[in-house]
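There are 2 protein chains.
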Amino acid sequence: MAKLIRCKFCKNFPYIFLKEYRLYLCKEHFISWIENYVYEAIKEYKMFSHKDKILVCVSGGKDSIALVSILNSLGYKIYPFFIDLGIKNFSKTSLKVVYKVCQILNLPLYIYDIKGCLSYSIKEISKALKRSEFCSICGTLKRYIMEIAARYFKVDVIATGHNLNDETENLFLNVLNWKITYLARQGPVLKEEKGFKKKVKPLFKLREKYLYFYVKAKNLPFVEEKCPYSKGATRYIYRKVLNFLEENMPGCLLRFYLEFLRKAKPIFEKALDQESQKLHPCPKCFYPTSRKDKCLVCSYLEKTQKRFKN
Amino acid sequence: MAKLIRCKFCKNFPYIFLKEYRLYLCKEHFISWIENYVYEAIKEYKMFSHKDKILVCVSGGKDSIALVSILNSLGYKIYPFFIDLGIKNFSKTSLKVVYKVCQILNLPLYIYDIKGCLSYSIKEISKALKRSEFCSICGTLKRYIMEIAARYFKVDVIATGHNLNDETENLFLNVLNWKITYLARQGPVLKEEKGFKKKVKPLFKLREKYLYFYVKAKNLPFVEEKCPYSKGATRYIYRKVLNFLEENMPGCLLRFYLEFLRKAKPIFEKALDQESQKLHPCPKCFYPTSRKDKCLVCSYLEKTQKRFKN
Chain P
166 MAKLIRCKFC
176 KNFPYIFLKE
186 YRLYLCKEHF
196 ISWIENYVYE
206 AIKEYKMFSH
216 KDKILVCVSG
226 GKDSIALVSI
236 LNSLGYKIYP
246 FFIDLGIKNF
256 SKTSLKVVYK
266 VCQILNLPLY
276 IYDIKGCLSY
286 SIKEISKALK
296 RSEFCSICGT
306 LKRYIMEIAA
316 RYFKVDVIAT
326 GHNLNDETEN
336 LFLNVLNWKI
346 TYLARQGPVL
356 KEEKGFKKKV
366 KPLFKLREKY
376 LYFYVKAKNL
386 PFVEEKCPYS
396 KGATRYIYRK
406 VLNFLEENMP
416 GCLLRFYLEF
426 LRKAKPIFEK
436 ALDQESQKLH
446 PCPKCFYPTS
456 RKDKCLVCSY
466 LEKTQKRFKN
Chain X
166 MAKLIRCKFC
176 KNFPYIFLKE
186 YRLYLCKEHF
196 ISWIENYVYE
206 AIKEYKMFSH
216 KDKILVCVSG
226 GKDSIALVSI
236 LNSLGYKIYP
246 FFIDLGIKNF
256 SKTSLKVVYK
266 VCQILNLPLY
276 IYDIKGCLSY
286 SIKEISKALK
296 RSEFCSICGT
306 LKRYIMEIAA
316 RYFKVDVIAT
326 GHNLNDETEN
336 LFLNVLNWKI
346 TYLARQGPVL
356 KEEKGFKKKV
366 KPLFKLREKY
376 LYFYVKAKNL
386 PFVEEKCPYS
396 KGATRYIYRK
406 VLNFLEENMP
416 GCLLRFYLEF
426 LRKAKPIFEK
436 ALDQESQKLH
446 PCPKCFYPTS
456 RKDKCLVCSY
466 LEKTQKRFKN
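Here the protein sequences line up with chains P and X, keeping their order.
First residue of the first sequence? That's 166 in my numbering, and the numbers climb one at a time after it.
First residue of the second sequence? That's 166 in my numbering, and the numbers climb one at a time after it.
A couple of the hints might just be wrong.
Identical copies go unnamed one by one, so any copy, or any two together, can satisfy a pair.
Derived pair list, reagent style DMTMM-like, types lysine to aspartate or glutamate, alpha-carbon separation capped at 20 Å [unchecked claim]: (1) LYS344 <-> GLU434; (2) LYS257 <-> GLU298; (3) LYS208 <-> GLU434; (4) LYS356 <-> GLU434; (5) LYS265 <-> GLU424; (6) LYS265 <-> GLU289; (7) LYS307 <-> GLU357; (8) LYS344 <-> GLU424; (9) LYS242 <-> GLU334; (10) LYS405 <-> GLU334.
The set of hints was computed from the structure by calculation and includes no laboratory data.
Full structure from sequences and hints, please.
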């Protein structure tokens with residue numbers, strides 16, 4: 166007689182099967198499994214303690230929504246932080262979703278409006294710079310704003326929702342091109358140094374699929390649509406390759422990443438130590454920079470200003 | 166009016182299109198392009214000169230047949246060397262093909278018969294060792310025999326037919342598992358050291374597809390069937406992934422490998438230097454080994470002997 170499959174921890178029907186852990190779990194035990202798994206990662210990689218203030222960057226996508234919810238369930242002191250990129254309807258929808266989630270979780274929400282604070286929208290800045298790599302400019306601005314906000318709120322650490330897929334995709338890209346500087350710095354924890362806040366990725370061991378099912382199980386809303394400006398044909402190729410590897414060798418992505426952290430990253434770090442970058446504060450905004458004069462963002466803004474004056 | 170596509174160097178119809186080099190070539194110019202390309206790699210990586218004696222390992226597959234033919238065309242002093250593995254019909258067919266090619270190219274052929282020289286066939290040895298990894302035992306024995314033969318013929322260097330696909334597949338496997346020792350040693354040239362002969366891979370920059378077309382263009386026979394014992398499901402996955410990458414980003418495999426050699430390998434080498442392995446000659450056969458007593462092959466043979474006595 167066929168045996169009915171049950172949750173590993175109770176008699177309920179399973180909500181999900183975690184292939185690489187060979188675990189059947191009901192909805193309730195899946196939620197607590199995920200939260201505990203993240204808790205263990207936070208402890209193992211010394212990300213932060215219950216005393217620390219944590220700026221949590223929330224875009225509205227499943228990963229960052231999951232991050233806010235998990236850290237909240239685990240009782241950490243979190244500051245949910247949303248950057249309004251001013252991108253068509255996308256930013257509006259995202260803000261609504263993030264606002265709703267914070268209401269459900271009874272959390273405050275801190276918002277940074279790029280257009281309001283910097284006088285120009287990302288679209289205007291990238292137009293003024295006559296550059297097509299919208300995503301790269303957006304990334305630079307977001308990192309800058311995260312740092313500024315972290316200082317403003319006097320938090321101890323900045324947390325982002327990067328998952329295992331994001332992380333292995335980056336690792337794969339950096340390996341294919343042997344970007345040694347990036348390989349030396351990539352990881353779930355970036356120490357506080359040279360004027361930059363500590364940055365952590367508590368979800369780095371979890372596949373995006375599981376975060377999707379977590380957010381669904383918690384019944385939280387999230388933004389499913391992608392940013393209308395995101396392109397990334399190359400990204401798509403890497404994603405396909407890594408999914409194919411994971412499908413055929415379950416657990417291989419996590420092993421790839423963890424073994425990188427354990428065996429290869431220290432070697433790259435040591436190699437880079439000898440040619441360490443010197444940073445100094447930007448004379449305009451005090452943001453740490455390796456550039457000779459102003460930091461990248463200040464130079465972006467100056468160029469944009471000039472463009473709009475003419 | 167549509168323009169007819171012609172060979173880059175003459176008015177003939179093209180035999181092949183080399184996508185990553187954007188080159189259309191007729192049969193004749195394809196042959197000379199390949200041979201010149203290998204010549205440039207031999208010079209650039211200081212593999213050997215026209216004064217050196219080269220043991221060329223020939224299995225009968227397209228790669229090693231191409232290697233013999235190319236090195237012969239380039240006028241090097243080569244010693245084609247075939248190891249008779251004693252595998253069913255496979256070894257017989259292979260020997261016939263290799264013999265035929267050497268006849269066509271007017272070259273001597275040196276043969277090592279495993280069963281005749283070591284008293285046991287590979288099959289018997291792996292049975293005696295009660296191990297299923299036939300390929301790993303076969304690889305160990307082949308490397309051992311190559312070294313023994315190289316000493317016997319007093320050659321300066323051992324050349325094998327590894328192509329770009331083989332090399333990137335190995336690199337990919339070593340990266341996915343972060344095998345630092347292998348990453349430090351992988352490359353087209355392995356220097357003579359600690360009693361081991363210098364080893365080179367003159368075809369490492371060429372995709373297997375091009376070697377196939379080279380052998381076809383030269384009208385040389387080669388063995389198309391795979392060894393009946395070769396398995397490698399994992400290998401198949403890697404192969405598929407790398408082909409997919411190359412198809413979508415032509416030239417990406419060569420870049421991946423060359424950038425590895427230029428930027429990453431030196432870092433791994435340095436990291437490994439600090440824990441360098443000490444080798445000593447095997448007390449039985451004088452083959453260099455890191456093992457405390459006899460070398461791996463001598464211990465294989467001893468175990469096999471014991472097994473067959475009982």
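Evaluated hints:
In this assembly of identical chains, the alpha carbons of LYS344 and GLU434 lie at most 20 Å apart whether taken from the same copy (12 Å) or from different copies (17 Å). For the homomeric pair LYS257 and GLU298, neither the shortest alpha-carbon distance inside one copy (23 Å) nor that between copies (59 Å) is at most 20 Å. When the C-alpha separation of LYS208 and GLU434 is checked against a cutoff of 20 Å, the pair qualifies neither within a copy, at 23 Å, nor between copies, at 33 Å. In this assembly of identical chains, LYS356 and GLU434 lie within 20 Å of each other by CA distance solely inside one copy; the values are 13 Å within and 27 Å between copies.
Proximity of LYS265 and GLU424 under a CA criterion of 20 Å is satisfied in neither setting, with 39 Å inside one chain copy and 48 Å between copies. With identical chains, the CA atoms of LYS265 and GLU289 are never at most 20 Å apart, being 29 Å at best within one copy and 70 Å at best between copies. Within a single copy, LYS307 and GLU357 get their C-alpha atoms as close as 18 Å, which meets the 20 Å cut-off; across copies the closest is 52 Å, which misses it. In this assembly of identical chains, the alpha carbons of LYS344 and GLU424 lie at most 20 Å apart whether taken from the same copy (18 Å) or from different copies (9 Å).
Taking identical chains as interchangeable, the C-alpha atoms of LYS242 and GLU334 are never at most 20 Å apart, the minima being 30 Å within one chain and 47 Å between chains. For a Cα distance limit of 20 Å, the shortest separation of LYS405 from GLU334 qualifies both inside one copy, at 10 Å, and across copies, at 18 Å.
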